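Q: So you can see what is in the structure, the chains are spelled out below.
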Amino acid sequence: MTWTTFFQQLMNGVSVGSLYALLAIGYTLVYGILGLINFAHSDVFMLGTYFAFFMIGIFLLPWWISVLIGVGLCALVGVTIERVAYRPLRNAPRISALITAVGVSFFIENLGLVTVGARPKGFPRPELMKNVYFIAGARIQGVTFWVPLISIAVLLVLFYLVYRTKLGMAMRAVSKDMETTRLMGVNVDRVILYAFALGSALAGIGGVLWACKYPQINPLMGIFPGWKAFTAAVVGGIGNVVGAMIGGFIIGLAEIMIVAFFPNLTGYRDAFVFALLIIFLLVKPSGIMGETLKEKV
Amino acid sequence: MFTRETRELLFTFVLFVLLMVGVWLAQRYLNAYLVRIFNTACIYVIAAVAYNLVNGITGQFSLGPNGFMAIGGYTVALLMLPVVQKQEVYFLQPLIWPFNSFSFPPALFIFALLLGGLLAAGGAILIGFPTLRLRGDYLAIATFGFGEIIIVLANNLIPLTNGALGIKGIPEYTNLWWTVNWAFWTVFLVKNLVNSSFGRALKAIREDEVAAEAMGINLFRHKLLAFALSAFFAGVAGGLFVTLISTISPTLFTFSMTFNLLIIIVLGGLGSITGSTITAVLFAFLQELLREVEAPHVIGSWTFPGIPGMRMVVFSAILVILMIFYRRGLFGRQELSWQHVSRILWWGKRAHGGQS
Chain A
1 MTWTTFFQQL
11 MNGVSVGSLY
21 ALLAIGYTLV
31 YGILGLINFA
41 HSDVFMLGTY
51 FAFFMIGIFL
61 LPWWISVLIG
71 VGLCALVGVT
81 IERVAYRPLR
91 NAPRISALIT
101 AVGVSFFIEN
111 LGLVTVGARP
121 KGFPRPELMK
131 NVYFIAGARI
141 QGVTFWVPLI
151 SIAVLLVLFY
161 LVYRTKLGMA
171 MRAVSKDMET
181 TRLMGVNVDR
191 VILYAFALGS
201 ALAGIGGVLW
211 ACKYPQINPL
221 MGIFPGWKAF
231 TAAVVGGIGN
241 VVGAMIGGFI
251 IGLAEIMIVA
261 FFPNLTGYRD
271 AFVFALLIIF
281 LLVKPSGIMG
291 ETLKEKV
Chain B
298 MFTRETRELL
308 FTFVLFVLLM
318 VGVWLAQRYL
328 NAYLVRIFNT
338 ACIYVIAAVA
348 YNLVNGITGQ
358 FSLGPNGFMA
368 IGGYTVALLM
378 LPVVQKQEVY
388 FLQPLIWPFN
398 SFSFPPALFI
408 FALLLGGLLA
418 AGGAILIGFP
428 TLRLRGDYLA
438 IATFGFGEII
448 IVLANNLIPL
458 TNGALGIKGI
468 PEYTNLWWTV
478 NWAFWTVFLV
488 KNLVNSSFGR
498 ALKAIREDEV
508 AAEAMGINLF
518 RHKLLAFALS
528 AFFAGVAGGL
538 FVTLISTISP
548 TLFTFSMTFN
558 LLIIIVLGGL
568 GSITGSTITA
578 VLFAFLQELL
588 REVEAPHVIG
598 SWTFPGIPGM
608 RMVVFSAILV
618 ILMIFYRRGL
628 FGRQELSWQH
638 VSRILWWGKR
648 AHGGQS
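As given, the protein sequences belong to chains A and B, one line each in that order.
Following our numbering, the numbering of the first sequence begins with 1 at its first residue and continues without gaps.
Following our numbering, the numbering of the second sequence begins with 298 at its first residue and continues without gaps.
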């Protein structure tokens with residue numbers, strides 16, 4: 001493999017990884033607070049692309065405004081899911097909440113299949129993403145260049161929110177100990193709603209950027225990215241925001257690099273992530289940044 | 298006259314005989330469509346009861362039955378498909394050795410099913426080993442991934458699975474004798490297992506892992522055994538299914554299959570074996586009825602074209618609503634036991650009589 005193709009693949013891996021990172025943070029925020037795998041998160045990711053798609057296609061809005069509206073709608077969907085489906089089960093057995101999450105996810109996917117159909121639609125990309133750049137002699141597509149930059153900018157805003165604002169402090173406190181935080185006078189329900197809004201907005205941004213990279217969108221497009229992003233959250237240490245980001249980049253790079261080095265294994269690229277998950281659960285189940293918590297009676 | 302155990306065993310035996318007579322009558326007089334639904338119902342019973350053993354009894358959240366059913370299905374398909382047929386089906390790439398050179402005679406069908414189940418159990422141990430040692434929901438995410446990965450593998454391992462085209466012309470060995478017997482013995486075995494000390498240990502794990510461990514229950518071993526056993530029956534159900542519809546392709550055992558089973562066990566009551574049995578049969582018929590939803594309808598001046606896929610929308614909405622408002626399902630954790638039945642039959646007069 002020449003240096004330029006390696007560099008291209010590296011950039012490619014970074015850009016896919018940054019998308020997994022965006023998506024993984026939504027999973028890890030919710031899991032950290034509620035201990036719930038939000039299966040519907042991957043469908044919010046899918047909805048983001050469709051919201052933007054219809055804003056552009058039907059209301060003929062400019063690309064950036066459509067995307068912003070789409071992301072806003074995603075946050076709204078996330079909050080609605082929490083309010084309608086998860087909150088009534090907050091004190092129910094864990095397995096009930098998980099089943100509900102699977103149900104919501106399947107509901108959105110099938111509603112999508114029924115309303116917009118299974119046939120993939122072409123997602124319109126802005127000119128910026130179609131440009132081609134030459135960096136260090138390597139031919140880099142605009143998408144590959146801009147997606148990680150935008151993602152990293154978004155992640156920086158997120159880190160600021162989580163680690164430097166009162167809301168972020170409340171979120172971290174709730175994930176450490178919900179009851180004590182409630183006693184400190186924090187409105188826990190509202191913090192959870194904000195966490196869902198934040199995570200879903202990130203999923204929406206991730207979805208739109210994903211659609212710029214792979215411009216065929218369909219109602220089931222969220223399943224694999226969502227599952228890999230959750231794997232990324234596990235690899236990074238579930239519940240940890242920085243860990244989710246690191247995990248996302250690891251999964252993205254590993255996936256792209258394995259396919260780059262062994263091109264005849266392309267069909268199995270999803271299986272590698274599974275293998276990685278199993279290995280991580282065997283060797284370091286708490287993840288890279290995770291701390292091992294001993295359950296006490 | 299008899300002890301309770303003997304009497305209940307006798308009841309069970311009578312039920313078995315009645316079922317067999319029913320099968321004999323159904324094979325002779327029932328139309329093919331109904332027989333097909335009953336066959337599907339029995340396969341759902343096997344898979345749902347096995348699934349409930351993990352999700353309902355042990356309280357571990359697995360999303361893998363579709364993967365295990367696929368393993369069982371492909372195993373049975375590869376073993377039972379006649380060699381001549383294999384050469385016809387695998388025209389893209391020839392089938393790899395040793396499957397291309399032999400196939401089981403019909404008499405060995407049972408061994409193909411058992412092998413399919415065992416391989417599925419092997420897959421379960423592969424996923425269960427890393428995930429069941431840990432607390433939390435790693436099993437859910439690993440099994441979900443496994444189910445999707447099996448489909449990826451089925452699409453890509455063309456010399457073994459014939460890829461997306463699938464395998465056609467599998468001999469239709471499955472009939473009501475097979476499905477009813479397997480369903481009966483699965484329910485019988487799992488129900489007895491649940492009532493054994495092993496089953497009580499599983500329930501203890503469901504209620505409180507820390508307390509169960511403190512009582513000396515080896516969490517990992519119990520969970521793994523329950524998970525593998527569940528996968529075994531799922532594999533058998535998959536094998537029966539492909540020899541019923543005589544074809545298998547990667548789209549046959551998608552996540553929808555797991556989802557159907559999830560609805561069955563939730564509706565029947567998580568943790569109720571008899572509940573799952575009854576709802577599995579109901580579900581097979583409900584699924585046929587709901588085909589109506591997907592057929593074209595005329596309401597006023599509007600003609601709604603048939604909406605394929607509407608069933609799954611309805612099912613998932615039902616699942617979420619059930620979880621929020623009616624979490625215990627039809628049976629909760631109760632079992633329909635012979636005591637209940639006799640209480641209903643004799644209007645409570647002899648409900649607890651004759652226990653000496």
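Each hint should be verified, as a subset may be incorrect.
Taking CB as the label site, the calculated pair distances span [to be verified]:
{"no.": "1", "chain 1": "A", "residue 1": "G185", "chain 2": "B", "residue 2": "F517", "range": "40 to 48 angstroms"}
{"no.": "2", "chain 1": "B", "residue 1": "I604", "chain 2": "A", "residue 2": "T165", "range": "22 to 30 angstroms"}
{"no.": "3", "chain 1": "A", "residue 1": "P88", "chain 2": "B", "residue 2": "S634", "range": "31 to 39 angstroms"}
No lab work stands behind these hints: they were computed from the structure.
Only a predicted model underlies this, so the values are computations on that prediction, with no experimental measurement involved.
Ideal placement from N, C-alpha and C gives every residue a C-beta, glycine not left out.
Q: Hint by hint, note whether the structure agrees.
A: Results for each hint:
1. Take G185 of chain A and F517 of chain B: their Cβ atoms lie about 42 angstroms apart, and the range 40 to 48 angstroms holds.
2. Checking the proposed 22 to 30 angstroms range against I604 of chain B and T165 of chain A shows it is violated: the Cβ atoms sit about 46 angstroms from each other.
3. The hinted range of 31 to 39 angstroms is satisfied by P88 of chain A and S634 of chain B, whose Cβ atoms lie roughly 32 angstroms apart.
In this structure, only the earlier hint numbered 2 is contradicted, and the remaining ones agree with it.
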